[in-house]
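Protein chains in written order, with the working numbering: chain A, 1 to 203; chain B, 1001 to 1269.
No lab work stands behind these hints: they were computed from the structure. There's no promise every hint is true.
The calculated label-pair distances, taken between Cβ atoms and stated as ranges, are [stated by the list, open to error]:
no., chain 1, residue 1, chain 2, residue 2, range
1, B, Arg1075, A, Thr174, 56 to 62 Å
2, B, Ala1017, A, Asp188, 16 to 22 Å
3, B, Thr1026, A, Asp61, 28 to 34 Å
4, B, Asp1068, A, Asp26, 43 to 49 Å
5, A, Thr174, B, Arg1085, 45 to 51 Å
6, A, Arg66, B, Gly1189, 51 to 57 Å
7, A, Asp38, B, Ala1017, 20 to 26 Å
8, A, Asp26, B, Ala1091, 22 to 28 Å
9, A, Asp14, B, Thr1043, 24 to 30 Å
10, B, Arg1106, A, Arg88, 33 to 39 Å
11, B, Ala1154, A, Asp26, 45 to 51 Å
12, B, Glu1013, A, Asp61, 28 to 34 Å
Sample of chain A residues lacking proximity to chain B, with all beta carbon distances greater than 12 Å (derived) [what the hints assert, rightly or not]:
no., residue
13, Gly3
14, Ala7
15, Thr11
16, Ile65
17, Ser165
18, Arg170
19, Gly173
Where a beta carbon is used, it is the ideal one built from N, C-alpha and C, also for glycine.
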Amino acid sequence: MDGPLLADLATDLDGTFERLVLGHQDRMYSIALRLLGDPRDAEEVAQDALVRAYRALASYDAARIRDLRLRPWLATIAINLCRNRARRRTPVLVPLEPPAGSQSGDRSRAAPAASIADPAAGPLESVIRHDSARRWAGLVASLPPLYRTPIVLRHVDGLSYDEMSTVLGRPEGTLKAQVHRGLALLRDAYQNSPDLDRQEMTA
Amino acid sequence: MTRSNSVALADVEAALASLAVRAPSTLAPATLVAVGLRDEYTTMDSPIGPVFVAWNGRGVSAVDAAGDPAEFEQRFQRAAGRPIRPAGAIAPRLDRALARRLSGDRRAALELDLRGRTEFERAVLSKALEIPRGEVRPYSWVAAEIGRPLAVRAVGTALAHNPVPLVVPCHRVVRSDGLLGQYSLGGPGNKRAILAAEGLDADELEELARAGIRYVGSDTTRIYCLPSCHNARRISDRHRVPLRSVAASEASGYRACRECRPDAAARAA
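Chain A on its own, in the form it takes in the complex (with noise of 0.2 Å):
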């Protein structure tokens, strides 16, 4: 569906660009937002990304642009800046210990200190929000990496798994598996939360 978008950019990168940064900036956003939690970040992870997008169709001639699969490229820039920027961040928001589960390959630590993996260490106190949205994002937020990027891939974002597996690396098989256990981590987080709004939820 970005065949006409991808072939303007491929003859005209200035004259489209624009166009690219109109059609994909919410998603930029969405998924630095929903992978670091702050939104300041997020912005200036999203607009690092189109940057660097932008040089890159710079420095590709036309073929190679019109061949690109735009949203799962953009979508690789992105959390590529997430995870670097995970890892400058204050030793305080990092936890001592890797979440378990978490595979040496997914270094990405924007986990806050409390993680859902870690039930003992009480994740959900400061997550408790009135607003519904505020307390998925922030349980999203403490999920671990590992089924957090693909949790934010597939269901924030609505990419297919074939274009995740681009992006991540990772056979289709597994990233279904970490959605899935993904999934049924934010339901049960969701539920032993002392809740105030859940019948909005289940209503």
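Chain A is fixed; fit chain B onto it per the hints.
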């Protein structure tokens, strides 16, 4: 209300879908400025009053003494072919670099957006950048220094089209006969005012030129300079020797200053 089984995975999926949000309205404009597809501007003080300064992520793109913002925006858009808008605030790093450059620090890290300039124009502009504050060089000197000694008129044209006057000091390039010559930022009067603010007495320079004096030598060092060279200004009146030409200077046993290179045009011719 019971807690068991009250939330289905489908409910979680629906909640996650609602976490996709709109980007802040500042994201797209800031991105387009960063890649150089849009510009922002503000005004800055200068020796000729406030001037408009435009920039994008590639660097400073315009300096203009337009009468009002509307006139400036229109002129910029026509020249650059890009939209421009007033900046909320100038980035502190850019502000500092501009201030340093305008106060004469040629090494201030200030990027310039010179897209649309030919290679020749860029060579002229970067040569103009080498001229120290408070000094001037002839058009023929610039032409010779960039290896195009016959392109004196084209040097003048390139400087007249300098998109970033003051930042690239085209006001420090003057006619070979010692007169100040034209200036793109509001005319020759401004050129004189800017040079005066840099400590150069243009009247004195023109007086010398009218008397046929093109160079100044020192009878102790036997070195000769362009009159505005900082080395020439250090020569005391007692030892200052007015000189009329490169040939005459060298015939009297003077050698050219290695910093202002007064013989550049003569050698290249």
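Distance restraint hint 22 to 28 Å, applied to the beta-carbon atoms of Asp26(A) and Ala1091(B): 26 Å, holds
Beta-carbon spacing of Glu1013(B) to Asp61(A) - inside the hinted bounds 28 to 34 Å or not: At roughly 40 Å between Cβ atoms, Asp61(A) and Glu1013(B) fall outside 28 to 34 Å, so the hint is violated.
Status of the stated non-contact between Gly3(A) and chain B (beta carbon gap over 12 Å): About 22 Å separates Gly3(A) from the closest Cβ of chain B, which puts it past 12 Å; holds.
Arg88(A) and Arg1106(B) - C-beta distance against the hinted 33 to 39 Å: 35 Å, holds
Given as non-interface: Arg170(A), which should sit over 12 Å from chain B by C-beta: 19 Å, holds
Closest CB of chain B to the CB of Ser165(A) still more than 12 Å away: 19 Å, holds
Range agreement (Cβ of Asp26(A) with Cβ of Asp1068(B), hint 43 to 49 Å): 37 Å, violated
Distance rule for Thr11(A), whose beta carbon must clear each one in chain B by more than 12 Å: 16 Å, holds
Status of the given 20 to 26 Å range, CB of Ala1017(B) versus CB of Asp38(A): Holds - the Cβ-Cβ distance for Asp38(A) and Ala1017(B), about 21 Å, lies within 20 to 26 Å.
Separation of Ile65(A) from chain B, once the least beta-carbon distance is taken, above 12 Å: 16 Å, holds
Thr1026(B) paired with Asp61(A), Cβ distance criterion 28 to 34 Å: 33 Å, holds
Range hint 24 to 30 Å (beta carbons of Asp14(A) and Thr1043(B)) holds or violated: With a Cβ separation near 27 Å, Asp14(A) and Thr1043(B) satisfy 24 to 30 Å, so the hint holds.
Hints 4 and 12 from the list above are not met by this structure, while the remaining hints are.
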